[in-house]
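Visitor: So the chains spell out like this:
Number of protein chains: 2
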Amino acid sequence: MEEASIELLRIRAALETQRLQDAINILLEMHPADRAEVFELLEDGEQDILLPLMDVTSTADLLEELEDEAALDAIETLTPAQLADVLDEMEPDEAADLLGDLPPERVTETLAEMEEADEVIPLLGYPDESAGGLMTTSYIAMRRQTSTDQAIQFLRDVSAELEIPYYLYVVDRENKLAGVVSLREIVLAMPGTAINDIMQRDVIYVESTTDQEEAARVMSQYDLAALPVVDEQGKLVGVITYDDIVEVIEDEATEDIYRLASVSDNDLEPDSPINEQLRGRLPWLYFNTLTALFASWVVSNFEALIGQVAILAAFQSVVAGLGGNSASQNVAMIVRSVALGKTTVRQLWPVLLRQMLVGFLTGLAVGSVVGVGVSLWQKDPHLGLILGLAMLMNMVVAGIVGTVVPFLIIAFGKDPALASTVLVTATTDSMGFLIFLSLATIFLPYLE
Amino acid sequence: MEEASIELLRIRAALETQRLQDAINILLEMHPADRAEVFELLEDGEQDILLPLMDVTSTADLLEELEDEAALDAIETLTPAQLADVLDEMEPDEAADLLGDLPPERVTETLAEMEEADEVIPLLGYPDESAGGLMTTSYIAMRRQTSTDQAIQFLRDVSAELEIPYYLYVVDRENKLAGVVSLREIVLAMPGTAINDIMQRDVIYVESTTDQEEAARVMSQYDLAALPVVDEQGKLVGVITYDDIVEVIEDEATEDIYRLASVSDNDLEPDSPINEQLRGRLPWLYFNTLTALFASWVVSNFEALIGQVAILAAFQSVVAGLGGNSASQNVAMIVRSVALGKTTVRQLWPVLLRQMLVGFLTGLAVGSVVGVGVSLWQKDPHLGLILGLAMLMNMVVAGIVGTVVPFLIIAFGKDPALASTVLVTATTDSMGFLIFLSLATIFLPYLE
Numbered sequence: 001m002e003e004a005s006i007e008l009l010r011i012r013a014a015l016e017t018q019r020l021q022d023a024i025n026i027l028l029e030m031h032p033a034d035r036a037e038v039f040e041l042l043e044d045g046e047q048d049i050l051l052p053l054m055d056v057t058s059t060a061d062l063l064e065e066l067e068d069e070a071a072l073d074a075i076e077t078l079t080p081a082q083l084a085d086v087l088d089e090m091e092p093d094e095a096a097d098l099l100g101d102l103p104p105e106r107v108t109e110t111l112a113e114m115e116e117a118d119e120v121i122p123l124l125g126y127p128d129e130s131a132g133g134l135m136t137t138s139y140i141a142m143r144r145q146t147s148t149d150q151a152i153q154f155l156r157d158v159s160a161e162l163e164i165p166y167y168l169y170v171v172d173r174e175n176k177l178a179g180v181v182s183l184r185e186i187v188l189a190m191p192g193t194a195i196n197d198i199m200q201r202d203v204i205y206v207e208s209t210t211d212q213e214e215a216a217r218v219m220s221q222y223d224l225a226a227l228p229v230v231d232e233q234g235k236l237v238g239v240i241t242y243d244d245i246v247e248v249i250e251d252e253a254t255e256d257i258y259r260l261a262s263v264s265d266n267d268l269e270p271d272s273p274i275n276e277q278l279r280g281r282l283p284w285l286y287f288n289t290l291t292a293l294f295a296s297w298v299v300s301n302f303e304a305l306i307g308q309v310a311i312l313a314a315f316q317s318v319v320a321g322l323g324g325n326s327a328s329q330n331v332a333m334i335v336r337s338v339a340l341g342k343t344t345v346r347q348l349w350p351v352l353l354r355q356m357l358v359g360f361l362t363g364l365a366v367g368s369v370v371g372v373g374v375s376l377w378q379k380d381p382h383l384g385l386i387l388g389l390a391m392l393m394n395m396v397v398a399g400i401v402g403t404v405v406p407f408l409i410i411a412f413g414k415d416p417a418l419a420s421t422v423l424v425t426a427t428t429d430s431m432g433f434l435i436f437l438s439l440a441t442i443f444l445p446y447l448e
Numbered sequence: 001m002e003e004a005s006i007e008l009l010r011i012r013a014a015l016e017t018q019r020l021q022d023a024i025n026i027l028l029e030m031h032p033a034d035r036a037e038v039f040e041l042l043e044d045g046e047q048d049i050l051l052p053l054m055d056v057t058s059t060a061d062l063l064e065e066l067e068d069e070a071a072l073d074a075i076e077t078l079t080p081a082q083l084a085d086v087l088d089e090m091e092p093d094e095a096a097d098l099l100g101d102l103p104p105e106r107v108t109e110t111l112a113e114m115e116e117a118d119e120v121i122p123l124l125g126y127p128d129e130s131a132g133g134l135m136t137t138s139y140i141a142m143r144r145q146t147s148t149d150q151a152i153q154f155l156r157d158v159s160a161e162l163e164i165p166y167y168l169y170v171v172d173r174e175n176k177l178a179g180v181v182s183l184r185e186i187v188l189a190m191p192g193t194a195i196n197d198i199m200q201r202d203v204i205y206v207e208s209t210t211d212q213e214e215a216a217r218v219m220s221q222y223d224l225a226a227l228p229v230v231d232e233q234g235k236l237v238g239v240i241t242y243d244d245i246v247e248v249i250e251d252e253a254t255e256d257i258y259r260l261a262s263v264s265d266n267d268l269e270p271d272s273p274i275n276e277q278l279r280g281r282l283p284w285l286y287f288n289t290l291t292a293l294f295a296s297w298v299v300s301n302f303e304a305l306i307g308q309v310a311i312l313a314a315f316q317s318v319v320a321g322l323g324g325n326s327a328s329q330n331v332a333m334i335v336r337s338v339a340l341g342k343t344t345v346r347q348l349w350p351v352l353l354r355q356m357l358v359g360f361l362t363g364l365a366v367g368s369v370v371g372v373g374v375s376l377w378q379k380d381p382h383l384g385l386i387l388g389l390a391m392l393m394n395m396v397v398a399g400i401v402g403t404v405v406p407f408l409i410i411a412f413g414k415d416p417a418l419a420s421t422v423l424v425t426a427t428t429d430s431m432g433f434l435i436f437l438s439l440a441t442i443f444l445p446y447l448e
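Line by line, the protein sequences are chains A and B. For the first sequence, position 388 (counting from the first letter as 1) is numbered 388 according to the numbering used here, and the numbering increases by one without interruption. For the second sequence, position 293 (counting from the first letter as 1) is numbered 293 according to the numbering used here, and the numbering increases by one without interruption.
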């Protein structure tokens, strides 16, 4: 960050004094990843001056590193022919991602001008969040009769363009995946050895329709640097590399954190434009308003009781709040455990029983302390008793809804982070008020 | 998961009929990662029967794949000599991790029996969460005069033991990092080329004291499969590989999600033992109880008011709840943005101004709807007005504390996820009650 800021200042200084070539040179001397970081910090006008002056390869490198939106902004002023040249230089999967975000007519125009359109076109059909949407077509596949020398020669001929140079895949005559061999194994084998003799036959792969999160899980579980992707006939169609997976894992974690906190736009940043903030945050705030008003309605039924014993209004939120806190703990654990592939829907019953017990014990622990404390503070043991009892009961409720709701969402094939926290705390709020005020009604003769 | 269960049943069946060798064979035929998954599902007694019957290499593979706690359980019954043999077969970084969790006297006994103790001992001194704690000493370093043929020959001699076979590092006579060359570049170079002529000089590295999260960020930003680690003199001391980084990213995401949900033990699972659940969850529940009781105290000061206008008790939680919800959105965005290296503490002011504006606008949007709705529902426009106004004001409060608190925690060098949600919602709860009930006091003559 520090360093990037210095380069940014130097580029701006060069631009202001019209030393365009200096500005370009500063950019080109940087690592492509840093270059992208600085480029994103430039104003649109500055970007539009610099981009046309960069050579095609550097532009391709830059676009590969930019975030999706920034890349789209940057290419806006390029002609289809210019864009086609740049896309030809990019990795096929990155080129396909960029094309996938363009309007259809621009895609057609650009593809018509591209030399390597046939590497990119097959990738355009896969959904963004599938293994197919993540893979590249830039890999080496060979037949099992190939010798190690031939493989190395082949590698020499094509290697500069390859994204995955450390694994070579073996296919049969129908292009079905038959084995994998690493560059290391090829180098270490005696010259002339057939790939068939050194390849590993038991290849771990995913299908192109597999969800990207599942693909990430497979690569992480088996410590793979590259994962082959096959179609429904078992034919090799692409390969996913570890750097894509790191991005998937980060994106999925962001998604879970945002969903748990009721933010519905995963690209939202603390300093995103106001309209994006409102779009990503207001829907859940409105939904939460509905659940909060339902809880208000529950309390409003006890208006007469509260009129008589107003101090109840001071403590009802303790019951609701602690229940919500406990339920959020439950939801977070289940969401994370499911995301990491450790918990499946079949574990509902053991988890439910355990969480009810945990709810009971935490309720006992917290409820007894609060009960005694409030008894002394308010000099009213009955108030302390019903408060402690209500907390105990609502923590058991929290254990139940905090488990059942996320598991129900999983059973419907959805992400349990999606609505769990809001739905679950809505329940613990309303139930907390209901339990506490109902108990107060029963014990009314003893209060105050 | 499905498949693992079948293997588990087959192993249990074999154990019950005393066909020990069959049970072992089923285990050994599996991929090491799957083997570890099944092994963890076995009872302690079953594990104790099987482990001594496995050969040293398979045991080493198994221990590398097991979770820390499961690995510790498994080796409990091994003698120091047996354990030393197994550790010799493991990757040095994995062996060091395991040793780091053992009691000091057991470590000394075991190291005395190990043949490759000198590869492991240097790793024992680094903190778990630093680059040094993550790196392995199993890499290739050579001098720049080495030729490509010599490098390949060297690789042939040592390769079977190597974890990072695709990058070779170049060091000077003081062992300072001078360059990096990939196996691909060595293979593609003319035989006899000096490494000096093909190596890349501008190596990206981290120091051994660097936090593991920062190391992960560097590898992810520059798409590196391996990252060299140097000491304070710039001497090469180890290398971190991509599979370690995937684990770090997953662990850090779990940590953020758990901290945001007030779970203080990152290893907690929905079905973890009761005592671990209580230990990981009760501390924050107690802390939350304190903040909830503070909010109760705020409300208790308005006891007389609520006694007069009991319906206020029904709506006070809407003000508090929506403020809390909005503040949680803020905290989640800042936590995630900081974790991904996109936001630094210097952005406090622009983010704060933006979030105050967002709080004002969401407060206006939600407050006006609720104000009008409750006016109609309760047939009391003054109640609607003070409710809407209080929501508006509390959402601005949410924007302020939801930004300032996490940034303050960052400024103190801590993780903003650590206490933000609880601290922030404690503020929005208390302030929500205070604002709403104060407004109600002012407007009291017009209520009901």
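Since the hints were made in silico from the structure, they are not lab data. Please note that a few of the clues may not be correct.
No distinction is drawn between identical chains; accordingly, a pair holds when it is met within one copy or between any pair of copies.
What the hints assert, rightly or not - Computed cross-link-like contacts, EDC-like style, restricted to lysine to aspartate or glutamate with a CA-CA straight-line distance of at most 20 angstroms:
| # | residue 1 | residue 2 |
| --- | --- | --- |
| 1 | Lys342 | Glu64 |
| 2 | Lys176 | Glu76 |
| 3 | Lys414 | Asp251 |
| 4 | Lys176 | Glu276 |
| 5 | Lys342 | Glu29 |
| 6 | Lys342 | Glu40 |
| 7 | Lys342 | Asp243 |
| 8 | Lys379 | Asp73 |
| 9 | Lys379 | Asp22 |
| 10 | Lys342 | Glu214 |
| 11 | Lys379 | Asp265 |
Visitor: Are the CA atoms of Lys379 and Asp73 at most 20 angstroms apart within a copy, between copies, both, or neither?
Guide: neither (66 angstroms within a copy, 51 angstroms between copies)
Visitor: With identical chains treated as interchangeable, where does the CA-CA distance between Lys342 and Asp243 reach 20 angstroms or less: within a copy, between copies, both, or neither?
Guide: between (23 angstroms within a copy, 18 angstroms between copies)
Visitor: 20 angstroms Cα cut-off: does Lys342 pair with Glu214 within a copy, between copies, both or neither?
Guide: within (12 angstroms within a copy, 27 angstroms between copies)
Visitor: At most 20 angstroms between alpha carbons: which applies to Lys342 and Glu64, within, between, both or neither?
Guide: For Lys342 and Glu64, only the inter-copy Cα distance (18 angstroms) is at most 20 angstroms; the intra-copy one is 34 angstroms.
Visitor: Is it within, between, both, or neither for Lys342 and Glu40, if the alpha carbons may be no more than 20 angstroms apart?
Guide: Between. Shortest inter-copy distance 12 angstroms satisfies the 20 angstroms Cα cut-off; intra-copy 38 angstroms does not.
Visitor: With identical chains, the pair Lys176 and Glu276 could be close in the same copy or across copies; at 20 angstroms between alpha carbons, which is it: within, between, both, or neither?
Guide: neither (45 angstroms within a copy, 48 angstroms between copies)
Visitor: When no copy is specified for Lys379 and Asp22, does a C-alpha distance of 20 angstroms or less occur within a copy, between copies, both, or neither?
Guide: Classified as neither; 78 angstroms inside a copy, 70 angstroms across copies.
Visitor: From the Cα coordinates, with 20 angstroms as the cut-off, is the pair Lys176 and Glu76 best called within, between, both, or neither?
Guide: neither (40 angstroms within a copy, 46 angstroms between copies)
Visitor: One pair to classify: Lys379 and Asp265, alpha carbons no more than 20 angstroms apart. Within, between, both, or neither?
Guide: neither (49 angstroms within a copy, 37 angstroms between copies)
Visitor: With 20 angstroms as the alpha-carbon cut-off, assign the pair Lys414 and Asp251 to within, between, both or neither.
Guide: Close inside one copy (17 angstroms), not across copies (23 angstroms); limit 20 angstroms.
Visitor: Give the relationship of Lys342 and Glu29 under a CA distance limit of 20 angstroms: within one copy only, between copies only, both, or neither.
Guide: neither (45 angstroms within a copy, 23 angstroms between copies)
When the structure is compared with the earlier hints, violations turn up for hints 2, 4, 5, 8, 9, 11 and for no others.
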